[in-house]
Structure formats: structure tokens, C-alpha cells
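If you read the sequences in order, they're chains C and G. Positions -18 to 144 (our numbering) are the ones given, in order, by the first sequence. Positions -18 to 144 (our numbering) are the ones given, in order, by the second sequence.
The set of hints was computed from the structure by calculation and includes no laboratory data. It should be emphasised that the depicted structure is a prediction, and the values quoted were computed from it without experimental measurement. Mixed in with the good hints there might be a few duds.
Stated by the list, open to error - Going by beta-carbon spacing under 8 Å, a handful of chain G positions derived as facing chain C:
1. -5
2. 18
3. 19
4. 21
5. 34
6. 57
7. 63
8. 64
9. 89
10. 93
11. 124
12. 127
Unchecked claim - Restraint ranges, calculated between C-beta atoms of paired labels, are given here:
13. -11(G) / 80(C): 32 to 40 Å
14. 56(G) / 124(C): 53 to 61 Å
15. 134(C) / 9(G): 22 to 30 Å
16. 41(G) / 81(C): 21 to 29 Å
17. 56(C) / 15(G): 52 to 60 Å
18. -7(C) / 32(G): 22 to 30 Å
Glycine is no exception: its CB is placed at the ideal position from the N, C-alpha and C atoms.
2 protein chains.
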Amino acid sequence: MTTIPIMDVTAARFAPYGDLLDARGPADMVINQGMCNRHHDRARIDMGGGDVGVSVFDATPRRLPYQLDLMERHPLGSQCFMPMTEHPFLVIVAADDGGKPARPEAFLIPPHTGVNFHRNTWHGVLTPLHGPGLFAVIDRVSGDGVNLEEHVFDTPYVITGQG
Amino acid sequence: MTTIPIMDVTAARFAPYGDLLDARGPADMVINQGMCNRHHDRARIDMGGGDVGVSVFDATPRRLPYQLDLMERHPLGSQCFMPMTEHPFLVIVAADDGGKPARPEAFLIPPHTGVNFHRNTWHGVLTPLHGPGLFAVIDRVSGDGVNLEEHVFDTPYVITGQG
Chain C
-18 MTTIPIMDVT
-8 AARFAPYGDL
2 LDARGPADMV
12 INQGMCNRHH
22 DRARIDMGGG
32 DVGVSVFDAT
42 PRRLPYQLDL
52 MERHPLGSQC
62 FMPMTEHPFL
72 VIVAADDGGK
82 PARPEAFLIP
92 PHTGVNFHRN
102 TWHGVLTPLH
112 GPGLFAVIDR
122 VSGDGVNLEE
132 HVFDTPYVIT
142 GQG
Chain G
-18 MTTIPIMDVT
-8 AARFAPYGDL
2 LDARGPADMV
12 INQGMCNRHH
22 DRARIDMGGG
32 DVGVSVFDAT
42 PRRLPYQLDL
52 MERHPLGSQC
62 FMPMTEHPFL
72 VIVAADDGGK
82 PARPEAFLIP
92 PHTGVNFHRN
102 TWHGVLTPLH
112 GPGLFAVIDR
122 VSGDGVNLEE
132 HVFDTPYVIT
142 GQG
């Protein structure tokens, strides 16, 4: 099995796969009489003509090393995960290689940061490393077509702690 | 000044104003090979023909008693606030009374819970009670029309701890 070490994430490293959403850097707007910094419209939301919804996911925390058997993508919509805790979490993504995932990359998403997978981007399922594994999820909740494609690896990858 | 005690929130009490989003009760779907409970599509999202976006708000925590000078509403879109921490937060809402807020109600939103204000619902600005005051916000980020109406009270209300 191939071992993939977890990397620290940066916006540049994550850009091929999606957006990082956080409140770092200067705000785009200061609202509420100076009491709130608005970091505005930070995700490329694309519902492919379907309807957007907000759901709450409660995922079982995983332990490292993590065996990656499967990745998935959503051909018809982006999918945004905003943590409802202050814990970091693991995100696994991959470029496309002729209809299946290329070698995956694994990122540790730091506290106070969400991710938005762009439409049709290969990613692992939600993998919190701490409980509770609660996330607000903004994705396509209705519309025509099949919005899930899965790929099972013949040989799983092993995701390990930071190299 | 009129004092308004903070109430515990329930879905029934909050229903005239919006939705509560949490992971209580049975999941709507169990996904990811049994590892994730999906509490599906829990907010009435209404962008009034405009575009939805995801932003991050970083609001200054408030202390009680809190003086409520102003409420606002968004005639063209719902607005959903999902906490990015495990802290409770304060939400103030009001029915409409001929174009201005009726007597406000104040709710303590418990940990692991978000709120979605329905389109054109009077509400106070974001009022966390603990730092960091970080929220994922799902609201209307572009489209025609003016999506903000504010009302300043002649006499402020005072929001106090739970009665």
C-alpha cells in the first residue's frame, strides 16, 4: 500500500480542488456598527441548476493512520463543509486521471476554517479527527441527474500523520 | 427601558422566525458506509432570485445585559448562521408590526445549533457571547434590489440573562 503523509493546507495548495474559507486577513466589509468583520462570499458555489440547501453532518471521528478505500465526486454541484467545532479535520482530495482519482493529497484543515470542494472534484468522505464531528454542509439538495460518482481503489492508500 | 429576558429556544418557539439546524434526533440519511449521519436540508433557503454565497463572519462577543438599539431585516433573502465554535449565542428576533419590529424575543441558541432567519424576518445583529465569534453565513450575495432594512428604536430594549 502507498502511504500519503498529511500536509499543512494553504489556499494555493488547495486551489486546484476548491476554496478555503476563514476569517484571516482583512475583512471585505466591516458591518454592524464596527462589531463584525464580514469575509464575503468565499466559496465558488455551483449547484448545476439544482437547489442549494444547508444540512448538518455528524461524522464519526477517525484515527490515524487512516485507510483510504474510496473517493467520490459530485458531477452536478460544489460541496462546502464548515466545521461547527474548533477542531482541525482531515481532507483528502485528488485530481482526475481519465475518470478516476489520481494519487490523492491529504491536508490538515486548521481550526476556524471550512472547505468548499469545487463541482466534480474527487474527495474522500468527511473525516474529522476529533469528536463531535459536526459540520454545516452547503450542497445541492434537489435537481435532475445523478450527483454522486464513487471510485473504489484496488489497493487502498494509507494516510499518515504529518511527514 | 423595557427589559427582555432571554428564553431557551425550541423549534416551535423559533418557527415564526426561522429554522433551527442541529443534529439531534434521527438522521434523515446515514451515509459514508455508516460513518456519517446526514440531517438533510434543514433550512428554508430563499434567495429571492439572487445568488447564494457562503461567508465567514467574525463578530465581537457581547456581554449581558445587552442594549438593543437596532434591528434589521432582509426583504430579498433568508440568512443562515452556523457557529464555527461550540459556544451558545444570543439571537434576537421580532414579528413585524406594520413595517417595524414588534416587541422582540431573545433566545439562547445552544451549542451545536445554527439558525436560519426566514426572508424578511426582523432580527438583531449577530451577538455571540463568547470569543471567537465565528460563524459561517449562508445568504444572498448578489442580485437586484436593496436587501437591507433597518429600524432604530426610540427607546432601546435591554436584554438580560435568563429569567
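To see whether the hints hold, each was checked on the structure:
Here the hint on residue -5(G) is broken, as its CB sits about 15 Å from the closest CB of chain C, past 8 Å. Interface hint at residue 18(G): satisfied, since its Cβ lies 4 Å from the closest Cβ of chain C, which is below the 8 Å cut-off. A cut of 8 Å between beta carbons decides the hint on residue 19(G): the least distance to chain C is about 6 Å, and the hint holds. Hint status for residue 21(G): holds, given a least beta-carbon distance of 5 Å to chain C, under 8 Å.
With its C-beta approaching chain C no nearer than about 4 Å, residue 34(G) sits inside the 8 Å limit, and its interface hint holds. For residue 57(G), the interface hint is violated, the least distance from its beta-carbon to any beta-carbon of chain C being 16 Å, above 8 Å. At its closest, the beta carbon of residue 63(G) sits 4 Å from a beta carbon of chain C; the interface hint therefore holds under the 8 Å criterion. For residue 64(G), the shortest C-beta to C-beta distance to chain C is roughly 6 Å, which falls under 8 Å, so the interface hint holds.
A least Cβ separation of about 17 Å between residue 89(G) and chain C goes past the 8 Å threshold, and the interface hint is therefore violated. The interface hint given for residue 93(G) is met, as the beta carbon of that residue sits about 6 Å from the closest beta carbon of chain C, less than 8 Å. Nearest Cβ of chain C to the Cβ of residue 124(G): about 12 Å, over the 8 Å cut. The hint is violated. Among the interface hints, the one on residue 127(G) is violated; its C-beta lies about 15 Å from the nearest C-beta in chain C, farther than the 8 Å criterion.
For residue -11(G) and residue 80(C), the Cβ-Cβ distance of about 51 Å falls outside the hinted range of 32 to 40 Å, so the restraint is violated. Between residue 56(G) and residue 124(C) the C-beta distance comes to about 26 Å, which lies outside the given range of 53 to 61 Å. Judged by the Cβ atoms, the range 22 to 30 Å given for residue 134(C) and residue 9(G) holds: they are separated by roughly 29 Å. Checking the proposed 21 to 29 Å range against residue 41(G) and residue 81(C) shows it is violated: the Cβ atoms sit about 48 Å from each other.
Remark: the range hint 52 to 60 Å for residue 56(C) to residue 15(G) is contradicted by a beta-carbon distance near 24 Å. Between residue -7(C) and residue 32(G), the C-beta spacing of about 26 Å keeps the proposed range 22 to 30 Å intact.
Checked against the numbered hints listed earlier, the structure breaks hints 1, 6, 9, 11, 12, 13, 14, 16, 17; every other hint is satisfied.
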